[in-house]
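Student: Chains as they are written, first to last, in my numbering: chain S, 548 to 895; chain E, 226 to 832.
Since the hints were derived computationally from the structure, they do not count as laboratory data.
Ideal Cβ placement from N, Cα and C applies to all residues, glycine included.
Check the hints yourself; a few may be wrong.
Far from chain S, by Cβ distances over 10 Å, these chain E residues were calculated [claimed, not checked]: (1) 367; (2) 413; (3) 490; (4) 512; (5) 524; (6) 549; (7) 619.
Just some of the chain E residues that point at chain S, by a computed CB distance under 10 Å [claimed, not checked]: (8) 396; (9) 480; (10) 483; (11) 484; (12) 487; (13) 552; (14) 556; (15) 603; (16) 646; (17) 768; (18) 771; (19) 823; (20) 824.
Simulated pairs of lysine-lysine, PhoX-like, Cα-Cα distance not exceeding 20 Å [to be verified]: (21) 728(S) x 624(S); (22) 860(S) x 849(S); (23) 874(S) x 864(S); (24) 874(S) x 862(S); (25) 663(S) x 776(S); (26) 813(E) x 273(E); (27) 663(S) x 506(E); (28) 615(E) x 663(S); (29) 261(E) x 273(E); (30) 569(S) x 769(E); (31) 615(E) x 738(S); (32) 728(S) x 569(S); (33) 657(S) x 769(E); (34) 624(S) x 864(S); (35) 773(S) x 728(S).
One-letter residues, chain by chain:
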Amino acid sequence: MSTIFLLLILLLGFLITFQIAKASEYVGVLKGEKKNFEANNRINGFLMIAFLVLGLIGVYWCNELYRGKILGESASKHGEQIDTMMYITIAITGVVFVITQILLFWFAYKYQYSEKRTAYYFPHDNRLEIIWTVVPAIALTVLVGFGLFYWFRITGEAPADAAQVEVTGKQFGWIFRYPGKDGVFGKKYYKNIDEAAGNSLGLLWDDPSGHDDLVVGNELYIEVLKPIKLIINSRDVVHDVGLVHFRQKMDAVPGTPTTMWFIPKFTTDEMKKREKNPDFEYELSCDQMCGKGHFTMRAVVKVVTHDELILWKAKQKAAYVLAFPDKDPSTQPKIDTLPKNPSTAGIN
Amino acid sequence: MSNEATLHGHAGAATSHDVDVHHDEHGHHKETFITKYVFSQDHKMIAKQFLITGMIWAILGGLMSVLFRLQLGYPDAHFQILEDLLGSKWAKGGQIQPEFYYALVTMHGTVLVFFVLTGGLSGTFANFLIPLQLGARDMASPFLNMLSYWFFWLASVVMLSSLFVETGPASGGWTSYPPLSALGDASEGSKVGMDLWITSMALFVVSSLLGGLNYISTILNLRTKGMSMTRMPLTIWALLFTAILGVLSFPVLLSGFILLLFDRHGGTSFYLSDIYIASGKALPNEGGSAILYQHLFWFLGHPEVYIIILPAMGLVSEVMSVNARKPIFGYMAMVGSMFAIAVLAFLVWAHHMFVTGLNPFLGSVFVLLTLLIAVPSAIKVFNWLTTLWKGNIRFTPAMLFAIGFVSMFISGGLTGIFLGNSTLDIQLHDTMFVIAHFHIVMGVSGILGMFAGIYHWFPKMYGRYLNNTMAYIHFWITLVGAYLIFWPMHYEGLAGMPRRYLDTSGWVSFNQFGGLNRFISTVAMIVFAAQLLFVFNFFYSIFKGRKVITQNPWGATTLEWTAPIRPGHGNWPGEIPEVHRWAYDYAKDGRDFIPQTEPLGSNESAH
C-alpha cells in the first residue's frame, strides 16, 4: 500500500515539475529569449560554484564520517607496505583532484556568458601542453616505482621457513589442509573426492605422506609473527581468498593452484583488544563471484601463538584416521619419507 | 545566440529561412512507413532507432539497479509488492532472493555496458554525426547499417527473452567467468539463461562489427571536398578510434564465447579442469584453463571501456567548444591522446587479473602500461579546462552535462591510478571501490557524455527543442546524485567490502555500513526518477517541443548545421557543402564563429 502511495507521490511530483517546466518556457518567451537565457545562465553559473563549495565540504565531511570505519592498522607486514602505498597515492591524487575540480568549476563560473566579454581565441600552446604531459608522466613514474617495489616484495617467494596451509574453495565454503608432522602434503586427485567417505579433497590414501594431513573446514589456524604460505585451490568454480585485515587477495582457480604469503602481526586476541571489539575475528571472504551463496562464503582465521597452535593441532585427528577409524588412532601411521623441508617440521 | 525560437503553434509557420525542406528532392522512390521508420536505410533514422532502443534498455537496466539497491539498502525489509510483481520464486516474502539478485546485477551490467553505452551511444552518434559532420549523403553502406541495427534489435529480443525463462537469466556477473558460467550444475543462471546470453552477445558482436566497419569506411572514404582528416571535428576522430577498437577486439570476445559454448555443450575442456560439483560428481574435463577465458574476455573488456568513453569524450569536446565560444584547446593533442588511448587500450587488459595468479613480472608490465594511460587522459582533462578558460560560456543543458562529464572523468580517472597499481589492487580488487571507480569513470561519465550529445543534437534530430527547465533539473539531480551514490562507496571498498554481496549481516568486517547503504539506495531511486523525467521530456518534446526555426541554433561551425532543419534522406537538398577550414574557428578575428564552409579570407591564416 505504502509503495503505491509513494508511486502516486512520485507521479504528482512529475506532473508539478512538468507544469512548472512548461510554464517557465512560456514565461521565457514572454520575457524575451535573450533575457531568459541570461537569467538561466546566471543561475547555472551560481550553481556551479555552489556545487564546488558544497562538494568539497561534502568530501571533507564524508572523510570525517567514515575514516574510522575503514580498516585500521594493517595486521600483516605486507599490509603495511600496501598502506604506505595507499597514503602516497591518496596524497598525490588528492592534490590533483582538488586543483582540477576547483579549476573546472571556477572557470565555469568566472567565464560564464557576459555581453561584455568575447572569448579569447587560444587554439593551442606547445609549452603548456608539454608541461601537462611531462608533469603527470613524472608523477606516475613515481607511483609506478613505489608500486612495483612493493609489488615484488609482496609477490616474491615466501621465506624458506614459512608454514604451509592448503586452502580449497568450494560452493560455498572453505577447506583447509595442513601437511602434518612430515611437512609434506599427500597427493590428491579430484576424481577421488567422496564427501560421504570423508574425503572432501580427493586424497590418495595409498600415498603415506598424506596419512597425517589435517583437513579442517571453515577455520584456519595460523601462528603469529611467522610467515605463512597459502596454497590456493578450488574444487568447482573460481573463488578468491580475500583477507582484508592482512591486505591479501588471491584467486582460487580450479586446476591451477596459486599461492600467497604474509606474516600476521597480531593474534586474534590482541586484535580484539586493539579494535576494542570482543566480537572481532579475522575473516576470510570469497571475493570472486561464485554463485548464489557467494556472499556467505566465509571462514574465520584464528591467529594464535606458537604454543596454542601446537595444542590445537594435537587435538585434531588426521583426515586419514577420520576416514578409517579402524586404523588405530593411537598408533602413528608409518612415515616412509623424510620431511622435505626440515625447517617446517618443528612447528607441526 | 541560442534558443532563438518561439513556442510551437505561435508563429510556427514563419520559418526564417527556406531551409525546411522535408523530403529529398533528388528523385527518390516513394517512401512507405516501413522503409522510412522500420527498415530504414537513412543513417539519421537508424541513429534514432539505436537511441530509442538504448533508452528502453537504460530504463530497464536502471530499474534493475533500483531493485538490487533495494535489497542492499534494506536487507531485512519485506516489500510485498515485489513478490506480487515478480513472483515467489524471485522475491519470496518480498525479499530479493540471491539467485535473482545475481541475475539482476549480471543483467544490469551487460545491458548498461553493451546495449546502452555501446549500442546506444556509438550506435546513435556514429550514425547520426558521421555523415552529417563529414558532408556525406549517408553511410558507405546504408544496407549494412540497417542490418547493424536489426542485429542489435535481435540481440535485444534474445536478451530480453532470457529474463522470462524458468531458471532465470544469466547470473554469473557481466564478465561471465567460467567454470561458473559453463556449468548449469553450479548455478541456475548458467542453464538456459546463459545460452541466451551468449546468443544475444554474439548477435550484438555482429551488429557492432557491421556498424564499425561502416563507420570506418565512411570516415576514410566519404569526407566531402576539403574535409581533410585534420579538419574533422573531434567527435568524428573519437568515433573513428572507437570503431577501430571495436572491430579489432569484439571478434576476440566472440571467440571466447564460442569456446565457452563448446565447453557447455560440446564436451570440450577449454576452460574446465579438475572440477567436482557439489551435487556429487567429478567432471571428466582436465587440462583446461579458466584463466584463458579471462584473457579473451578482457582483451575486449578493457578496450570496451574506451569504446564507451571515447565517443563521450568526442561529444563533450565538441559541445564544450561550441558553448565556450572558443576553439577546443590543443586539437592535435586531443587527437594524439585519443590515438594513444586507443593503442594502449589493447595493452592493459591483464590489469583486471592481477590477483588471478598471473606471473608477478607480467603483472608489473601491465602496471606500467596501465598507468601510462593516465598521461593522455590528463592531457585531455587539462585541454578541456583550458578550453573553458577565458571562454564566454553558455550553460545550455548540453554544456552542463559536458562540464559534469569532465568532473566525473577526473574523479573516476584518479581512482583508476589506485586500481591500476597492482600493489593497491591486491587490497581493492573486487571490492566496492572498483564499483565506485568504474561507475564514475565509465558509467556516469559515459552517460553524461551521451546526455550532452542528446541535448545538443536533439534539435537536429527532431527539429524541436527539449524543455530547458526539465533539463536543468535533470542535470543537477543526476550530477549531485551520482556523487552521493558513488563517492561514499570508495570508503566501503577501502574497508575491503567485497562487491556482489547482497547482505553483509553475516560478517564482522563489512557490516558497519548499513546506514550508508540505505542512503545510497535512497539516492539511487531519486536519480532514477530524474532519468524518467528526462525520458518524458524526450518523448514529449519530439512531438510538442518548441520548434527549431533557425538552421544553426547553437552558432556552431560544423556541417550538420548547414543542412536543412529537417534534412531528408541525402541530407543536403543541393550540392554537398565544401569545407575550407577546421571545425573550431570560434572567436577568431573578432567574429563569434566562422562556419567550416566559409573560404579563408585573403589575409587569414589557416589553423
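Student: With reference to the structure, classify each hint as holding or not holding.
Tutor: Results for each hint:
| no. | hint | verdict |
| --- | --- | --- |
| 1 | 367 | 36 Å, holds |
| 2 | 413 | 7 Å, violated |
| 3 | 490 | 18 Å, holds |
| 4 | 512 | 8 Å, violated |
| 5 | 524 | 18 Å, holds |
| 6 | 549 | 6 Å, violated |
| 7 | 619 | 5 Å, violated |
| 8 | 396 | 8 Å, holds |
| 9 | 480 | 20 Å, violated |
| 10 | 483 | 20 Å, violated |
| 11 | 484 | 15 Å, violated |
| 12 | 487 | 17 Å, violated |
| 13 | 552 | 4 Å, holds |
| 14 | 556 | 7 Å, holds |
| 15 | 603 | 4 Å, holds |
| 16 | 646 | 4 Å, holds |
| 17 | 768 | 14 Å, violated |
| 18 | 771 | 7 Å, holds |
| 19 | 823 | 16 Å, violated |
| 20 | 824 | 19 Å, violated |
| 21 | 728(S) x 624(S) | 27 Å, violated |
| 22 | 860(S) x 849(S) | 13 Å, holds |
| 23 | 874(S) x 864(S) | 12 Å, holds |
| 24 | 874(S) x 862(S) | 17 Å, holds |
| 25 | 663(S) x 776(S) | 70 Å, violated |
| 26 | 813(E) x 273(E) | 34 Å, violated |
| 27 | 663(S) x 506(E) | 79 Å, violated |
| 28 | 615(E) x 663(S) | 13 Å, holds |
| 29 | 261(E) x 273(E) | 12 Å, holds |
| 30 | 569(S) x 769(E) | 11 Å, holds |
| 31 | 615(E) x 738(S) | 72 Å, violated |
| 32 | 728(S) x 569(S) | 81 Å, violated |
| 33 | 657(S) x 769(E) | 35 Å, violated |
| 34 | 624(S) x 864(S) | 32 Å, violated |
| 35 | 773(S) x 728(S) | 17 Å, holds |
The structure fails to meet hints 2, 4, 6, 7, 9, 10, 11, 12, 17, 19, 20, 21, 25, 26, 27, 31, 32, 33 and 34 from the earlier list, while all remaining hints are met.
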